[in-house]
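Asks: Given the structure of chain A, go ahead and fit chain B onto it with the hints provided.
Sequence lines, in order, name chains A and B.
FYI, in the numbering used here the residues of the first sequence are 1263 to 1611.
FYI, in the numbering used here the residues of the second sequence are 1263 to 1611.
Treat the hints as calculated values from the structure; they're not laboratory data.
Quick caveat: nothing in here was measured; it's all calculated off a predicted structure.
Honestly, I wouldn't trust all of these hints.
In this list, chains with the same sequence are indistinguishable; a pair is considered to hold if it fits within one copy or across any two.
[Said to hold, decoys possible] List time: in silico DSS-like cross-link candidates among lysine-lysine, alpha-carbon distance up to 27 Å:
#1 K1482 with K1568
#2 K1402 with K1456
#3 K1295 with K1418
#4 K1427 with K1482
#5 K1313 with K1295
#6 K1482 with K1418
#7 K1452 with K1402
#8 K1427 with K1288
#9 K1288 with K1514
#10 K1526 with K1271
#11 K1336 with K1402
#12 K1295 with K1514
#13 K1295 with K1387
2 protein chains.
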Amino acid sequence: MIEDKNREKTSLEKLGEFGLIAHLTKDYPVHHKSTIKAIGDDAAVLDFNSKKTVVSTDLLIEGIHFDLSYMPLKHLGYKAVMVNLSDIYAMNAIATQITVSLAVSNRFPLEALEELYAGIRLACKTYGVDLIGGDTTSSKTGMLLSVTAIGEAEEKDITYRSGAKANDLLVVTGDLGGAYMGLQVLEREKEVFKVNPNSQPDLDPYSYIIERQLKPEARKDMVTLLQKLDVLPTSMIDISDGLSSEILHLCKNSTVGCNLYEDKIPLDPTVISSCEEFHMDSTMVALSGGEDYELLFTIDQSDFDKIKGNPNLTVIGHMTNADQGAHLITRAETKIPLTAQGWNSFNNS
Amino acid sequence: MIEDKNREKTSLEKLGEFGLIAHLTKDYPVHHKSTIKAIGDDAAVLDFNSKKTVVSTDLLIEGIHFDLSYMPLKHLGYKAVMVNLSDIYAMNAIATQITVSLAVSNRFPLEALEELYAGIRLACKTYGVDLIGGDTTSSKTGMLLSVTAIGEAEEKDITYRSGAKANDLLVVTGDLGGAYMGLQVLEREKEVFKVNPNSQPDLDPYSYIIERQLKPEARKDMVTLLQKLDVLPTSMIDISDGLSSEILHLCKNSTVGCNLYEDKIPLDPTVISSCEEFHMDSTMVALSGGEDYELLFTIDQSDFDKIKGNPNLTVIGHMTNADQGAHLITRAETKIPLTAQGWNSFNNS
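Extracted from the complex, chain A is given alone in its bound form (with noise of 0.2 Å):
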């Protein structure tokens, strides 16, 4: 998209790396007494006393994880911090700094990594993260974004994949489909594209939905929540691959079994009317769609009134033994076998 603006545009080799690297994390406010020595040497320094630290890192990489055709570089900055961000929340800790490693083809100008640059900045403000370090270097093809985030959780707060119990209530943040039909609509929508550049699609009934896929919100909010109404789940993983295969992940690593209720499953009516017009079962989409970033948690029944008609919360099954197996409920009380069809890289190339 950047290449249909008309705005001068500054190339790569005139700046270099060095020059690259300082243009573009010039000016960023550091957050957090826990960060020293943010970019410029060798390694980025960190103090974080008595707390313990906890670090997670993903690729983005162009064609595989995101596409440049739909997806404004200002928003895949964004997106990018917010997939890390999403898995330290995960582990019910605060985000405190990242680190961002950004490999681009000569095909972007300056001006293209400043938009995206400033996405980065927006989440970092937002979340009050530190941008700490990174690398920046040229590829053959494409852009590829490298995050590692970093975090700082007390040792009794940290929650793992591995805690729940059964008869734990499994319970899901917001809502969930949202982010894969949002996918649906931009895919539709570039097709048309290709055949009428002329074409003015009218995407406001979707932006919702839209607006899941191309900005996500990591769950910081409901980790803050959580302590506010003293509850510290049992198990607790974020929903990146589709609901089913995190669900699998979580009894998997508790030694667990669970049972999903079809009818429990939080959807947007947005989600509703545009599965209906994409013939998409929305069951199978919150399933299997991924790229929501909500927190799924289990805890302890006693808990069960502490979250209570909290609207962002829902609770949507319960952990069983193991050997019952983990299973869908659906609304015509048959139980099938949860399987994980989450989405898997390799398997779309």
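Replies: Just chain B now, with coordinates in the frame of chain A:
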């Protein structure tokens, strides 16, 4: 190179993303008390107690940073770790953990990635570092590695680029230019191989410089040595881009100048002989070659007696006031301004 082998090949689609990660990272021993949780959750969990945490990250991209026609995958895995550990040691810290993210096209069978991870594993074992996470995904073309290294140090021991003072001595570990000359030999042999695939080159005379290119070692031993000698550098950086570029970083960050003496630059005899063979100036090679991963640091003059005579440490110059600039004092005693001609990936594409 892997394509030439007649071993059975396993395609990556078969394993899928989770299977691949699990397979490649199984049986990774944990060395550090600070590693509470390594691979297998949304994030790793670390505990640095009262120590400070240092973090550095680097991208390595096929066709830009490495050429698989002469870089065996095991060496690539090893080198990818070294490049990152070197940044940690340059802070005078000890590396404790790494994350490794990998993007590969389907042309690589599982067995190729096992080779790569054998190199990563060897590096982790040799340097006492824990692999705590990463991401594995497909790429449109070629292979890409993103490594983040984490280390620990007492705050008082951390050396920045910014602490050098006028009259400090400039010291380098090991010798310089070897990695670059090794690359020249390998590039030449690649061209010879294209013309005559049956040629059997005698690379024995070049084994030192080829090893410097293919299997560099980060100077953890020098961090330990400096501690033993009770020398705390006033500033430090690792030599990844070439001596002159790194000196200029120290000068800029410390607001000092520098006199570098050409006749003091440590060169291995193989570097000198191969420079003669390739009609290259060995000083230029040391100044601009890069990839040696030696440490460059400054010390107070009062520490000179402690390092004097150590075969691993060479005083190559001294820092001056900033207004005197950074210069090379040649063997002919002429004074030439130092310029950064280190490697810039954006000029090479």
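Asks: Now look at each hint and say whether the structure bears it out.
Replies: Hint-by-hint comparison with the structure:
| no. | hint | verdict |
| --- | --- | --- |
| 1 | K1482 with K1568 | within (19 Å within a copy, 52 Å between copies) |
| 2 | K1402 with K1456 | both (26 Å within a copy, 22 Å between copies) |
| 3 | K1295 with K1418 | both (21 Å within a copy, 18 Å between copies) |
| 4 | K1427 with K1482 | within (25 Å within a copy, 44 Å between copies) |
| 5 | K1313 with K1295 | both (13 Å within a copy, 15 Å between copies) |
| 6 | K1482 with K1418 | within (18 Å within a copy, 34 Å between copies) |
| 7 | K1452 with K1402 | both (25 Å within a copy, 20 Å between copies) |
| 8 | K1427 with K1288 | between (48 Å within a copy, 26 Å between copies) |
| 9 | K1288 with K1514 | between (44 Å within a copy, 16 Å between copies) |
| 10 | K1526 with K1271 | neither (51 Å within a copy, 45 Å between copies) |
| 11 | K1336 with K1402 | both (22 Å within a copy, 23 Å between copies) |
| 12 | K1295 with K1514 | between (37 Å within a copy, 26 Å between copies) |
| 13 | K1295 with K1387 | within (15 Å within a copy, 33 Å between copies) |
Going through the hint list in order, the structure does not satisfy hint 10, though it satisfies all others.
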